[in-house]
Structures are given as C-alpha cells and as structure tokens.
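K.L.:
If you want the building blocks of each chain, they are given just below.
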Amino acid sequence: NAGVTQTPKFQVLKTGQSMTLQCAQDMNHNSMYWYRQDPGMGLRLIYYSASEGTTDKGEVPNGYNVSRLNKREFSLRLESAAPSQTSVYFCASSGEGYTEAFFGQGTRLTVV
Amino acid sequence: QKEVEQDPGPLSVPEGAIVSLNCTYSNSAFQYFMWYRQYSRKGPELLMYTYSSGNKEDGRFTAQVDKSSKYISLFIRDSQPSDSATYLCAMSGRTGRRALTFGSGTRLQVQP
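Residue numbers (the working numbering), protein chains in the order written: chain A, 129 to 240; chain B, 31 to 142.
Hints should not be assumed to be uniformly reliable.
Partner residues aside, some chain B positions facing chain A, computed with beta carbon under 7 angstroms [claimed, not checked]: (1) Pro-44; (2) Ala-59; (3) Tyr-62; (4) Gly-73.
Subject to a maximum C-alpha distance of 25 angstroms in a straight line, what follows is the list of computed DSS-like cross-link-like pairs (lysine-lysine) [what the hints assert, rightly or not]: (5) Lys-97/B / Lys-32/B; (6) Lys-142/A / Lys-199/A; (7) Lys-137/A / Lys-185/A; (8) Lys-137/A / Lys-72/B; (9) Lys-32/B / Lys-185/A; (10) Lys-185/A / Lys-199/A.
What the hints contain is simulated information worked out from the structure, not anything from laboratory work. Beta carbons: idealized from backbone N, C-alpha and C, even for Gly.
With the rest of the complex left out, here is chain A (with noise of 0.2 angstroms):
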C-alpha cells in the first residue's frame, strides 16, 4: 500500500524555469494539500482541494498553480520559479470527516 506518493525526489532548477510537482494517493481520500517546510517555518500551506474540481489558496499560495487531475492526483505548478521557493514540499490527503492528514515524503527543490 503506497500511500501518498510524489515525484520527484529532488530538483534543481534555475530562475525562471518552471516545474510540475506530481502527487497521487491510493486511498481513497477526497482532500488533497500541498505544503512546504522552511527551516523554522514549520509547514505551510500552499493550496488545498477539498474535492476534485475544487481548489482554495492557501498561506502561501503566491507563485504557484494547482490541478485536482481526478480523485487520485494533484500536481503543484511552479512557473517561474525563484529563489524563495527553495524548500520541501509535501503532498498530503485525507479522508471524509477526518482532519489528520497523511503525507508523502517530500520533493527537495532547490532554485538556483
């Protein structure tokens, strides 16, 4: 049973580039998240879906695009990407009527 699952694991990329982060689940859940995690930031929230077809901004949503694809996946978009958009992100879902989430093991990217 995967769980949540990302790829990829790591990227470089330089300013200006832009990159697709995938995200898929196998179990079910209709809410999907996507974080990112900043030394001393703890994780933030970038953009969420609640259902496929419906996506809200986050804490941090400046920079970046979803797509809820179908139930199973959603990808995060970076299309120019910066600098301050190195970090770690996490995919994460869960269930109907249940807050606690389950996350992915994170993609490390760094903007050079």
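Given the structure of chain A, go ahead and fit chain B onto it with the hints provided.
P.N.:
For chain B alone, coordinates are given in the frame of chain A:
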C-alpha cells in the same frame, strides 16, 4: 504572532527519560489536535490524534489537550534513541477549511 507556537529545541535527553513536548495556540476555534513525528529527510507521520480536551494514551505516548489554556502536550515515556526526530504539533477547526496549522517543530535527541 504565529497561530501555533512551538519551542524548536533541540531537546537532548538520556535514554529512558520522560520527554515533554508542548505547543501553545491562539485560535480558540481549533478542535482537532495532532502530533506528527518526522525523521530526517522523511515526510511527517501521524503519531497521536485528539479531539477537544482531555488525554489520550498509546503505548509510551500520551497526548494532553487543555483548551482553556490553549496548550497541548506530548509525553514520551522510557524514551529510546529511535525516538530521535522532529515532533510537530498540528491542529484544525471543526468547520470551514480542514487543513492543518502546524507548529514549527521541536527537534528531539535521545542519547544512548
């Protein structure tokens, strides 16, 4: 001021010690409280989940919630070197957006 405050540590204890980890919060709407454990370069994993006030015990772990003081704690009994990790508190409200608000995490080191 952050909604959730957590001492970053590091907290260093000898093997077998009782560990106390704490978070304070300011949002009285928070009803669900969680503790996550995160090993280095891994995703957070759910450790304890508590609804509203009270205590919950699971093996060597006890979670306490005091909503009147807006204070939550995680106690680890008979700590082991394998408990060395970063511990993140997280919480959410009953209605509206169910995404979690995290503390910044406390790094724990258990010395053999």
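K.L.:
All the hints need checking, so say for each whether the structure fits it.
P.N.:
Each hint, compared with the structure:
1. Interface restraint check: Pro-44/B against chain A, minimum CB-CB distance 26 angstroms, threshold 7 angstroms, status violated.
2. Given hint, Ala-59/B at the interface with chain A, is violated; its Cβ is 12 angstroms from that chain's nearest Cβ, farther than 7 angstroms.
3. Contact between Tyr-62/B and chain A, as hinted, is supported at the beta carbon level, the nearest pair being about 4 angstroms apart and thus within 7 angstroms.
4. Hint on Gly-73/B holds. Least Cβ distance to chain A is approximately 4 angstroms, under the 7 angstroms limit.
5. For the proposed pair Lys-97/B and Lys-32/B, the alpha carbon gap of about 17 angstroms is at most 25 angstroms, so the pair holds.
6. Taken as a hint, the Lys-142/A and Lys-199/A pair is broken in the structure, with Cα atoms around 32 angstroms apart against an allowance of 25 angstroms.
7. Annotation: proposed proximity of Lys-137/A to Lys-185/A holds, straight-line Cα distance about 24 angstroms (limit 25 angstroms).
8. Restraint check for Lys-137/A and Lys-72/B: satisfied, since their Cα atoms lie roughly 11 angstroms apart, inside the 25 angstroms limit.
9. Between Lys-32/B and Lys-185/A the CA atoms are separated by roughly 19 angstroms; this keeps the pair inside 25 angstroms, and the hint holds.
10. Proximity of Lys-185/A to Lys-199/A is assessed by CA-CA distance (about 18 angstroms); at most 25 angstroms being required, the pair is judged to hold.
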